[in-house]
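Peer 1: Hey, can you piece these two chains together into the complex? The hints should help.
Going down the list, the sequences are from chains Z and P.
So for the first sequence, my numbering puts the first residue at 1; every next one is plus one.
So for the second sequence, my numbering puts the first residue at 778; every next one is plus one.
If you're looking for bench data, these hints aren't it; they were derived computationally from the structure.
Be a bit skeptical, because a hint or two may be false.
Claimed, not checked - Computed list of lysine-lysine pairs in DSBU-like fashion (alpha-carbon distance at most 30 angstroms, straight line):
| hint | chain 1 | residue 1 | chain 2 | residue 2 |
| --- | --- | --- | --- | --- |
| 1 | Z | 356 | P | 870 |
| 2 | P | 837 | Z | 303 |
| 3 | P | 870 | Z | 316 |
| 4 | Z | 239 | Z | 276 |
| 5 | Z | 6 | Z | 280 |
| 6 | P | 799 | Z | 368 |
| 7 | Z | 456 | Z | 416 |
| 8 | P | 906 | Z | 368 |
| 9 | Z | 648 | Z | 699 |
| 10 | Z | 456 | Z | 6 |
| 11 | Z | 303 | P | 799 |
| 12 | Z | 303 | Z | 239 |
| 13 | P | 870 | Z | 368 |
| 14 | Z | 314 | Z | 770 |
| 15 | Z | 472 | Z | 688 |
| 16 | P | 967 | P | 828 |
| 17 | Z | 688 | Z | 650 |
| 18 | Z | 315 | P | 799 |
| 19 | Z | 773 | Z | 763 |
| 20 | Z | 486 | Z | 443 |
| 21 | Z | 763 | Z | 639 |
| 22 | Z | 487 | Z | 285 |
| 23 | Z | 6 | Z | 415 |
| 24 | Z | 356 | Z | 415 |
| 25 | P | 828 | P | 906 |
| 26 | P | 799 | Z | 314 |
| 27 | Z | 659 | Z | 535 |
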Amino acid sequence: MIDFSKKIILDGATGSLLTERSGAPAGYRLERLNLENPEVVYSVCRDYVDAGSNVVYTNTFGANPLKLGDETGAIIKAAIDIARKAADGRAYVALDVGPLGKLIGEGGISFEEAYENYAAVIRAAEDRPDLIVIETMTDIADARIALLAAKENSSLPVMLSMSFEGNGRSAFGTDIESFARIISGMGVSAIGINCSLGPVEMLPMARRLIECTPLPVFIKPNAGMPRFENGRTVYDIDKRQFTDAMNAIHALGVNILGGCCGTTPEYISMLAGEIKEEVKRPAYKPVRALSCGTSTVTVDSMKIVGERINPTGKKKFQAALREGDFDYILAQGIEQAQSGADILDVNVGLNGTDEKANMVRVVDGLQKVVSKPLVMDSSSPEVLEAALRRYNGKALINSVNGKKSSIDSVIPLAKKYGAAVVCLALDENGIPDTVEGRVEIGKRLVSECIKAGIAKEDIYVDTLTMAQSAQKGSALCTVGALGEIKKTGAGAILGVSNISFGMPHREDINACFLQMAREAGLDLAIINPSLINIKPSEYARSFLLDVEGAVDAYIAYAAKTDSVKTEDLAPAGAPDMTRAIVGGMGGAARETAESLLRELDPLDVAAKHIIPALDRVGELYESGKIFLPQLIAAADSAKQAFAVLEEKMKASGVKDEGKRFVLATVKGDIHDIGKNIVKAVVSNYGFKVVDLGRDVDYKTVLEAVEKNYPCALGLSALMTTTAQNMAETISLVKEKYPDIPVLVGGAVITPEYATSIGGIYCKDANATVKALKEIFA
Amino acid sequence: MITAQTLAKYLGTGEDALELAKRAVKEVENSARCRCVEATARLVREDGTIKVENTVLELKGNDIAKHLEGCDAVYYFCATVGAEVDMTIERLKLTDLTLAYAVDLCAGLWVDAYCDELEERQRRMLAQKGLTLTSRFSCGYGDLPLSSQADFIDALKADKFLGIRLTAGGMMIPSKTVSAVAGIGGNVRKKHNCDVCVKRDSCDGGLCGD
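Extracted from the complex, chain P is given alone in its bound form (with noise of 0.2 angstroms):
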């Protein structure tokens, strides 16, 4: 899903960088298994608020109001690359720190990868209806409050299905895992969310395929 090319980019330049990339990759590719709970569901908005029909999942803020402006229906997952890589990458830390840090970034570019390939799955499907699809907004973003990520996960039964659990501080489990939501519209745009994406610091306008 991702190359050591690619993973070499953001490890670095140099034969060291791909070599370390092309392991890196290995070991995600060994224990990486991608699974998803997707859903779609009209949106109701009453007293500025928007809420998923027949589920209790609200979207609390102005950032994915913003974002969801035209859409009257969203597609919502919950997507992870699992529990093993973590054991993984926890294993790494204790015998090679380096190729630790390589493997938690080549993951994290794996679930990203898989993310975008249930959204153009997803577009594919609605173009067919006439339909469109913006990008996807995941909770913790602007100011769409992490704490949403437990309405997610209830909403979809990802726990049942998926296992996912959050740990204190209302982070997900397996670590690389993603709950999102992207709007559906007669005419929306698929767009990035470049003022609230916490890589626009070291973004030089690449990172996600623009």
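Okay, chain Z solo, but in the shape it has when bound (with noise of 0.2 angstroms):
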């Protein structure tokens, strides 16, 4: 077995040396050789042998289907029984492949028939080479592809080399970093560059090759610069030369040595006489970078993903997938990336759309014409494998978490296409309230990843943001987690606009955040780019640190005014449950509730008192009087005020009304803040909630369903995949509960989509008390 960390002499040109001996014109296709002239290639493969090659390439650079139709099976099966009769033991035989020829994408050849050519060249050597090598790539589009076909068709080792030009860019625009970055952890045994320039040019590029790679890396440049005389191309310099360049090459730390274009067995002899034994090279230095085809992003800083390519939320953009408008979708991209965005998040995920193939057309799409570095956002390990296998970078893979079955599937993924990976800290039982579970399960993913071999510097926990407004400590929770994970020596991520979920003026909270996570070590942030430019206020920061009565102040301060007092929404004359609701005040409403039950009835008190509270704490929420901490303190205290009602009712044995209201996240979906507010306002409107959690099977609704029947289910979902669980859960009561009628909600949730499953759309908690109180009218 060969072993690449050794010193190794690769063999010198073969074109040009089949051509002067054999005498064909330049352009023919000299692979046909080995069936028509096999002793000239013979002869070359032998000279290179005895000249000391450890390793000689079979005679099939130019050899697959688009340039040799049939005959290729047979023409690569004859250079590699040339080759390895030249060898006779004393050096292994590489099967070389160069690339296609042919543009791959728009207007060229698919993606897939260009992998269908490459494997057929690899397939052709039924693995009787010793190695492959896939060379001379210029774009690293075909660089990959071959990668792929070699891999997956193959169990030989593969060293790639790609050919650049004086400024250090291959033709297509790929510099050496990006190059390495993308190649190096696509399981390639050895990464080097050959062709195109002398060995002279050369030394700079191997040592920059050298600098962003942990692998073995082989140099085989050309005899010099090519010109071309009377058809014939000829090179400007001589063995010695020749030599001398490449002696300073090796003893950058590069081991595996040969030569290119216009290079002889008599430089590969000089070569192999001088070079004697390996060279220590510099110790690697771990780098956390993502890459696209034409540059790199090295994460020693706070950079900043944009998050704009993602349609929730977002009509106009949902529009464009469904429409396939995907020049709005590319614009996306190409305005963030002006406006700051380092690295740009994809997500299409869109019920209804078929989000694979929209994935593959935006990834190529915006290979075109955007610089940038992408993330692949999807829940679906299959949308995931489809990007990464059509992206020419080093792309982050948004996310494996803490669930058996994301790990056995997101991760292999990382590993097969050399991909940086998210962790997010949840798992079966949800996301951890603590910073200690984030932080369990952040190490958790973080352990599980390297087990399978990817690289500490290639992975980033995100510790989750949560709407601070829905639930105190958030921030605090985040941020002190990710603080702890960072210790560990792994990346951190964070999305973080959903910090400020529920509140007005989301930019000031954002920004405040965003800062608070940067100063815990925070790598990449999923922002609005323009967020950066944002001085956070000092409202905004009191309200993330949890100081008492910051999210009055801060609400008052977003709102312009001095303050929002509860005498501006219920005022003095407003009766006194509603002052209390409105006010948050729950042992005022409680208070209230057992001074009017002296003269009313239970019911009465629901009824006229509050029922009329929370309609108008609906109100002043739906006009953007009051926000969501406001809106949840509001159901808190109408709650204590029902307690009291409940205590009364169920000593005098009232029944239960049997208004009641099924409720559920579905399937998959562990989002449930939204759900919960709904359960909190909804109660507080005398329907009985049945609330069975998030992540609920289907059978487990039906089984609720039929428990409580009649009553009205509630459904939500936040992601797209599970979009498609809410659809499957309603069409399994329907079959069975025809009439139900089933409420639907959430993020990804539009009121079409809830038409098409049967649903009926609520925007939030008040529209679903009011869909409820049409039904049970």
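Peer 2: Okay, here's the thing in structure tokens:
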């Protein structure tokens, strides 16, 4: 077995020598000589083995079905036989794979066609060579496809090299660092540079390549720069100059050396004579980096991930996806890049559309117009794989989580495609609400990734941003967990804007949260790039730090008034219950209920006092006068008032009215804040809410409906993938109970989608109350 | 290589055109990287065919035969402004269609101007040897088939050295790429090919600088 860490002398030029020895014209398919004139091919291989090459390449550079048609297989088989005979146990035989020479993608051949052509070459070799060399690639797309074909159709080790021009870029614009970052993680045994330039020009490139990859490096330059003389290509440096320059490259720590166009067995003989043993290469310094085909972003300080390629909550974007208006989507990418995004998140999950096809289309399109690395954002491993396969870069996968099914399906994709990966701090039990809980899952995922062979610098933990308005302590928990994760050496990523859900003037809170996370060591911030320029207020900071009274102070500040008082919302003349509930004063609500019960029966207290108060809260919320924290506080106060009524009813034996509402977040979905708000508000209106929780199986929902029938059913879903599960749940329930009203909601649900799956769309808790009132009227 | 004033002539009149031209020129300046592979070789004429010696290149058709009358060698090359220009045009198509149009036009003129430069340089070198050069002739002119483009690329190793690729329809990528051949002889004229020029309908005689 070949040891790539040792000194290896490769061969020199095959094509120029074959042209010379066979007299074939420039442009002739020299691979045909394997059948037409095997002796001349043998003589070239044999001369290299005699010169001291440890590896000889087969004469198959252009041997693929696009260039040679049906003869390809026979030509490849003959080439291997010839090289094997020439090697005669003294050298390894490498199957040489060159570019297809066709444009891949729009206007050219398809990705699949390119793959099939490379695969045909690999399969024709039947693993008879000792290794595969993919070389002289100028298009990183070609290089990746050839590599995937090699890895998926052979068990041989693979070396891969690209050609660069004097400016350090391939003809298609790939720079050396991006090449190294993209290919190093994809399972090659050695990575290199060949052709195009002479060894003098290649030296700084070899140095750069060594810095950017932990893998063994190989260098195979031309004999200087080419020029054409009467149809023949000639090169401008001799074997002495060549060997001197190669010695300098060797001294950098490059131990696999050979020659490309214009070099001959004499060059290789001199090289082999002088390169005696391997030189220790400088230790590789791991770097957090993501790449597209033409640039690399080093995550050495906080970088911005543009979040706008995502349909959630964006009507225009949703319409663009449904109507196939990809230009609109690509323009979003360009605008974000221009306004400062370093990296772009790509999420095109929308129910009722073909996410996989759309993802491939958007990823293909973005690569043509934006020079920024991409984040593949989907909850479907199938969609992720389709995107990763097509992406000519080192992507970031968003995401894997602590559930076993996710670990088993997503981590292998990161490994196979050399991608970095986001680890979400949640698992089968949901999102822990403690720092310790999130850190524990984060650490577990990091160790799973490392176990699978993913480098630590390619792992980013997301400690999950939850709405501060719905859950006090949210910001501190997220940032606290982030700080702990950073101590382990893993990277950190956060979606930022969720923190301000339900609040006015969200940018201020977002900017403040971003600052806190940045101080804790955030590496990647998924945000609207313009946020970076906003200076957050102290009000926002106090709100996020849970300072007493900060919620009201922030809302007052955001509303640009001195303060928002209960006086303004429920004036002095308003009934006591209204003042208590609107003001979020639970104690006062309870006391008011008790005093009202002295004169009225419980149902009257509810109908004449609590319900009108809640209606007022609903109006204020809808008109933007109060915000989510106040809505929740009001609902809580009302609940306390109802508790007083319930005790009284129990004591006097008043019966449950039977207005039952079975509520669940659908299977696969663990985002349940919205559902919980619905529960809090609805239960205040006298409905008996049967809360099944989150991630609820279809059958569990059906059983609950059976048990509580007649009733209404409420389902929520916050992810595009789980919206499908909502449809499944409804169809299962309606099969047995066709008339049951099903109220549906959640970020990804649209009125049209709701109707199409047999649901009644409710945009929020208030809308749910209204719908229920009509149903039970 | 192309000034805003020149480009503005193609874009129309008025200050708007000049402003647009300035922006377009800047975009092309920032993204164009002109490179070429070039060669000279003797011609071999047998049985009515014209071949470029030691290469697979055969120059088919009556129009190229007429163009190369009196020539016993050729200068042939492949030149490109590079892939980044295409990316710029694609990007602008989505954000500023007018500018995209102007950049596309400008980049086309740019690669033509680069070819002029190569041609003139070759002409000067030949003049020292007492030789002359015709103007250039590309695949797709007259009856020289577009499919010969693949042979130009093979003979010049333009795929290897410049990364030139062909689309399924035989167009070269990067899109602003030219392959061409010009005849070398003792006394041939730099001549224009108005009969076979694709721009003949829109040209007032000044497009190729005559």
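Peer 1: Which numbered hints are broken by the structure, listed smallest first?
Peer 2: Of the numbered hints, 2, 8, 9, 11, 12, 18, 26, 27 do not hold.
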